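Visitor: Could you slot chains B, S and Y onto chain W? The hints should help.
Given next are the chains, with one letter for each unit.
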Amino acid sequence: MISFALTDEQRLLRETVRKFAQTELREVARACDEASRLPDELLATVADLGLVAGVMPESFGGGGSDRSPVTNTLLAEELGAGDSSLGLAAVAPALFAIPVLEFGTEAQKEQLLPMFSEPGFHAASMALHEAHFGFDAAALRTVAAPAPGGYRLTGSKRFVPLGDRASHILVIARLEESGLEGLEAFVVPRDSKGLECAPEPEKTLGLQALPTAALELDGVEVASEARLGGENGIDGARLINLCRVAGAAFAVGASRTVLEYATAYAKDRLVSGRPIAQKQAIAFMLADMEVEVNAMRHLVWKAASELEQRRDASRMATLASDYVRRKSMEIADKGVQILGGHGYIRDYPMEMWYRNMRALTILDGVGIV
Amino acid sequence: MISFALTDEQRLLRETVRKFAQTELREVARACDEASRLPDELLATVADLGLVAGVMPESFGGGGSDRSPVTNTLLAEELGAGDSSLGLAAVAPALFAIPVLEFGTEAQKEQLLPMFSEPGFHAASMALHEAHFGFDAAALRTVAAPAPGGYRLTGSKRFVPLGDRASHILVIARLEESGLEGLEAFVVPRDSKGLECAPEPEKTLGLQALPTAALELDGVEVASEARLGGENGIDGARLINLCRVAGAAFAVGASRTVLEYATAYAKDRLVSGRPIAQKQAIAFMLADMEVEVNAMRHLVWKAASELEQRRDASRMATLASDYVRRKSMEIADKGVQILGGHGYIRDYPMEMWYRNMRALTILDGVGIV
Amino acid sequence: MVDFSLSENDERILDAMREQSRVVRRYARYYDDNENELPPDALPEVVNFRSPYKDVEFEEGIDTPRHVLHVLVSAIQAWGDYGVLMKRIGEGLGNGVLTAAGTDEQRARWQRCTLAIAMTEPGCGSDPKSIQTTAVRDGDEWVLNGEKIFVTAGCRAEGVVVAATVDKNLGYKGIKPFVVMKGMPGFEVSHREKKMGIRADDTATLLLNNVRVPGDHLLGACDDSAAGFRAIMTALNRNRPVVGVAGVGIASAALDFTREKLKEEGIEIVWGVGKQGRSAVQQELIEIEADIEAATLGLLHAAWVSGGNEWKARPTSIAKAKAGEVARTATQRCLALLGGLGLSREYLVEKWFRDARITDLYGGTGEIQRLIIARDILGYSSAELP
Amino acid sequence: MVDFSLSENDERILDAMREQSRVVRRYARYYDDNENELPPDALPEVVNFRSPYKDVEFEEGIDTPRHVLHVLVSAIQAWGDYGVLMKRIGEGLGNGVLTAAGTDEQRARWQRCTLAIAMTEPGCGSDPKSIQTTAVRDGDEWVLNGEKIFVTAGCRAEGVVVAATVDKNLGYKGIKPFVVMKGMPGFEVSHREKKMGIRADDTATLLLNNVRVPGDHLLGACDDSAAGFRAIMTALNRNRPVVGVAGVGIASAALDFTREKLKEEGIEIVWGVGKQGRSAVQQELIEIEADIEAATLGLLHAAWVSGGNEWKARPTSIAKAKAGEVARTATQRCLALLGGLGLSREYLVEKWFRDARITDLYGGTGEIQRLIIARDILGYSSAELP
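Residue numbers (our numbering), protein chains in the order written: chain W, 1 to 369; chain B, 1 to 369; chain S, 1 to 386; chain Y, 1 to 386.
With the rest of the complex left out, here is chain W:
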């Protein structure tokens, strides 16, 4: 049945994360952006919130909540509304934990999941994006070649969230087939031989507080047990869809904040003694933004719901992520325009959101629901 109703649990959790995001993330967002810094204190708070541990099975010391991409989508919106950069960092370990939970063999789960329920923030990550222009997850260049007792991984990865500190990285590589079906995931500890893991050579346009790393895999040898899901491997399309929906959900949150801020600004900002919000040119931009924030959210919810029900969500994930990529950029663009010169200076947050929005809707594989 069609329903837009959240469960009580979802409402509660959303409220908690909203409060966290609107205070602890938003307050330090600008300073962290300027300094490209992820505060350790923040990660400690995140660990206390149990965003990742909460959904780990009780048998591995987790909270045992039901696995729910919809819930994660709601939380991603809230984190994006607070600060995308810090928000992505907060849930980056899920990039490792969720695929293990979803696709891992029992042995892999037993081995790899308990660390997320230990006290403190445990960093792990996934490496999807590659080191060439026009990246396309369906045409991956990192390859996993069968080798005695396992596989040999070769390729260049970029923009690996928390790659500077992750204990384990899930490396996405192509095994045989091309396309999303051919994607496989390999558990690679950071001290593996042949693996070079360095912080990104330069800062990025946006999401500056999110530490990311570049990986060189020069024939890294992994045992066959490192292949997620064992011989059956993973559902590559589902993995990519889970990531696409996450990026879109963050962008919905970021867009919502842009709209809220621009609305308040337009009411406060006087020209010739009257608020600029009373100009139709401005008011209609705000109305368009409101329309699109809603449209984006609904598309993302539907995609998340299909993922939750384990249907083939490729259609909805494509529609949602493609739509959000276009519309959220327009929203940030309008936000800047409404603020005028103030949209361009770093005394105001809008220019940061403009940069973050572009990064957020381009980078594949920095979030997962």
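FYI, nobody ran anything at the bench for these hints, they're computed from the structure. Treat the numbers as computed from the prediction; the structure is a model and nothing was measured. Just to be clear, a hint being listed does not mean it is correct.
To be verified - Covered by chain S, per the in silico footprint, the following chain W stretches (three or more residues, Cβ under 8 angstroms): (1) 273-283; (2) 314-321.
As the list claims (entries may be wrong) - Cβ pair distances, simulated, as ranges: (3) D256(S) x E110(W): 47 to 53 angstroms; (4) R141(B) x R22(S): 29 to 35 angstroms; (5) P185(S) x R37(B): 47 to 53 angstroms; (6) G61(B) x N36(S): 46 to 52 angstroms; (7) E9(B) x R22(S): 43 to 49 angstroms; (8) G149(B) x I62(Y): 27 to 33 angstroms; (9) M1(S) x R274(W): 53 to 59 angstroms.
C-beta atoms are modelled at their ideal positions from N, C-alpha and C, and glycine is treated no differently.
Guide: Here is chains B, S and Y on its own, set in the frame of chain W:
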């Protein structure tokens, strides 16, 4: 040197055609649209204007004006501003005459051009569009197969302007290569064996006053002399570019008229005692339309100028026609929106322009500069 | 729980509606070509069909609430045709005014009649407050004078609820609903509008030339409250989501057709492929599909949050704004993808292009919806954001 | 004759500019990273370069008029970098006010100084008439008080033409240009703005705290004419096409980079192919390229019709509106086509995305341009269309 200056001759000719289009075309446009009728009197006036005869060489009884795609572009804008439907009908014979003039052998010119300088309106045409969805001139299905003494033409053509009365039709077909380079043109008299030429089975969304025909070519045999340009054939890309620029130029004219009409309407139309033009929402639409009419015109001029200078105009013709296809539809759309309910009823011309604009920017090969 | 799947019962209802719509569609071209004829109240095939909801028991917690599912049902109806219906319901928009503003006696008297609403005038577009049609008291009667345009179902209806002012100084509070029945002296259907599309639809211009109606034809009280005006506006606003739903229905029809025809030419969307691996046509199909999906979800959302009561203003305007936009652009783009052949009246897609354009014009233009939304998020009155 | 081809001389000039711009570009990242430093008035390499126009004789009727060609020359300059220049000219926007409004004596005195214009204030955005900075006569002097923001070249300039009102009751006629030189007591550069992009650019906030300037620092007469105000507005408006041209220059830089990098990945536009035969990426490249071409042609057109005199209002606003829009959207789309790698500061394209965004904000926002255009085509005053 970069110049936006028209020659005196161009100004004069444009003025003449503007007067004709704004009175004789515009006045009867609605009646002709409703009745799907092309008045004979109108064609008689067109013949007197000498739009086609004027550019025919003096040696064939023509006016001997220089061949100028730029001049034709200026006139196409004026005709489109008057009425696209009737305007396209007026210059439809050029679809035959100009390719013969440009690509024909001396013998073909001598044989085929004098008829356009005789008194009265002489109908001839070109058949490019085909009978399948997603038509693409670069992937033509009508084929010319070499046959003893000439070629055998097979295929289905649609929307041939004045196909109901054309004495000769230039059938565009693929000879060997694919792509635009592979296009060739064949002179086919309407009484050829194997040629079925019937009026379009149904009316069309727009351009209703322009009579068009459907052609069935069931192995029509033509002599090798019927191949335009003889063994060298034609420059297929140039032919298509000449057509694309013409369609775009008509759309520029039609867009200009939409803007002029909407501007006047918005100043006249009162809501709560004030003209709707004083609302920013309306005024900004008009400003956007003005920006885009100019942008479209400049792109079309540049493409036409490259064609005039016989440079490779594929880039500019692509940019111009693709841009115009998108923007002119938006302009007509805004025109309807500004008129509100009046934009939807046939007491006002706007709905006709909305229909014509869509047809104009989709149909390939109904005009040529 | 957030869910967009359909239950078995939901599917049965939608399938039943689709079946009806396929039959209705056979009549679409005829009434487009013959705009002087009104489609019948019921098609001959009606004997084979019942309401799609009939025979399907509602299962709480399993089936989609009917007021939400009805968005999809209505969209499929418009997917069949906008103006031709398998069976027309007996009510007009004016019946809503009767119910809301009429006395028990008035309701009893006219409730079986189909009543239209006559609101818009040549001089007032989007501003109902500037109505010029007057009602002057003369003894026991009211004398009405004025011209009304764009009256939906104005030809077909048996009577019309006419918005007329009893005192221009009172502004919108002076605007009252009067029941004027066909045949009353001085009341005349001037003509049916000739439109670009929705030609099966009945849109009339009405003339009131010294029409005398008895005193009790004024619905409700003749006081200086705004109740009468509000009843008219509420009834008209009820049309807002209906028009939006029709917009997505028509847009879906165009997209379905386009997908089908392009598939025959070997072009179709491959899901899961990134943008780098798509053709320009696939990309455009994806964008159109996302637009229609977003517009549909917006309408479902508005229905959901309204909970079966009057549609809530903000979500409804958001949904209508999106739907009106999508109806326009989706049909424009579908035609461009199809090429020239789509322009021919051999196919219905050119008609959908014409039909769809109405949905951003009436039920409140896109600009009116944006004003409503902007006022709501800014907390502005219509005076602050005119 | 309508012509868009370039003569040999034109090409020589543009090539020379391009060569300079390639050198300038090497400094682009440095001054973006180190925003506290101002780029020098001339780069060390300046010794190897002369004005691109030098040594090229103008041939009437063969070469593009210099005021038209200058659009392309300036675009190539911005294609190199927005804020770093091979050699900076000694004039600021304020020198234009001096020339237009100053007396002979005033001109002689300050013409060798670089003068900025200080107009915008924290409380007035797009409305220069609501200026709050005051100038009060005190004996032979004027006493100035106020705060000025977004002063271009406010740090670098030797003096500033400050717009201050001598009588608020006079409205814009009371606004007069005052020359205030650096070092005058009470006159202070509060800070250089920290911006998203164009970080090599010098945008200052200035404070005037009881700054006393001699009576003859008011440019022109202190009457109730609007001459002084107009001189300021004219000088500011001169920046309008300059900003538009910079917009297309930056957008072109982004597109060139994108094309080059995608070509290395095997993706490039094939001209002549219809939409059916294109990939989604090719289609988007075509759209971006058409946008940039249209914006460039608009600026060329505005220059052409202005004939080397003051830029004409309507065509200039049309060109600026388009250029500002294209600069935004082209850089946004280029990044999306490039994927994540384009976000890295290893490349300049992320900088162009930030730099480009300014061009729809200053020199008049896109909204201001649209107001000017709308008023012009409607024949409305600013009171009729506020």
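Visitor: Against each hint, give a clear statement of whether it holds in the structure.
Guide: We went through each hint and held it up to the structure:
no., hint, verdict
1, 273-283, "holds (count 4)"
2, 314-321, "holds (count 6)"
3, D256(S) x E110(W): 47 to 53 angstroms, "holds, 49 angstroms"
4, R141(B) x R22(S): 29 to 35 angstroms, "holds, 31 angstroms"
5, P185(S) x R37(B): 47 to 53 angstroms, "violated, 41 angstroms"
6, G61(B) x N36(S): 46 to 52 angstroms, "holds, 50 angstroms"
7, E9(B) x R22(S): 43 to 49 angstroms, "violated, 60 angstroms"
8, G149(B) x I62(Y): 27 to 33 angstroms, "violated, 51 angstroms"
9, M1(S) x R274(W): 53 to 59 angstroms, "violated, 46 angstroms"
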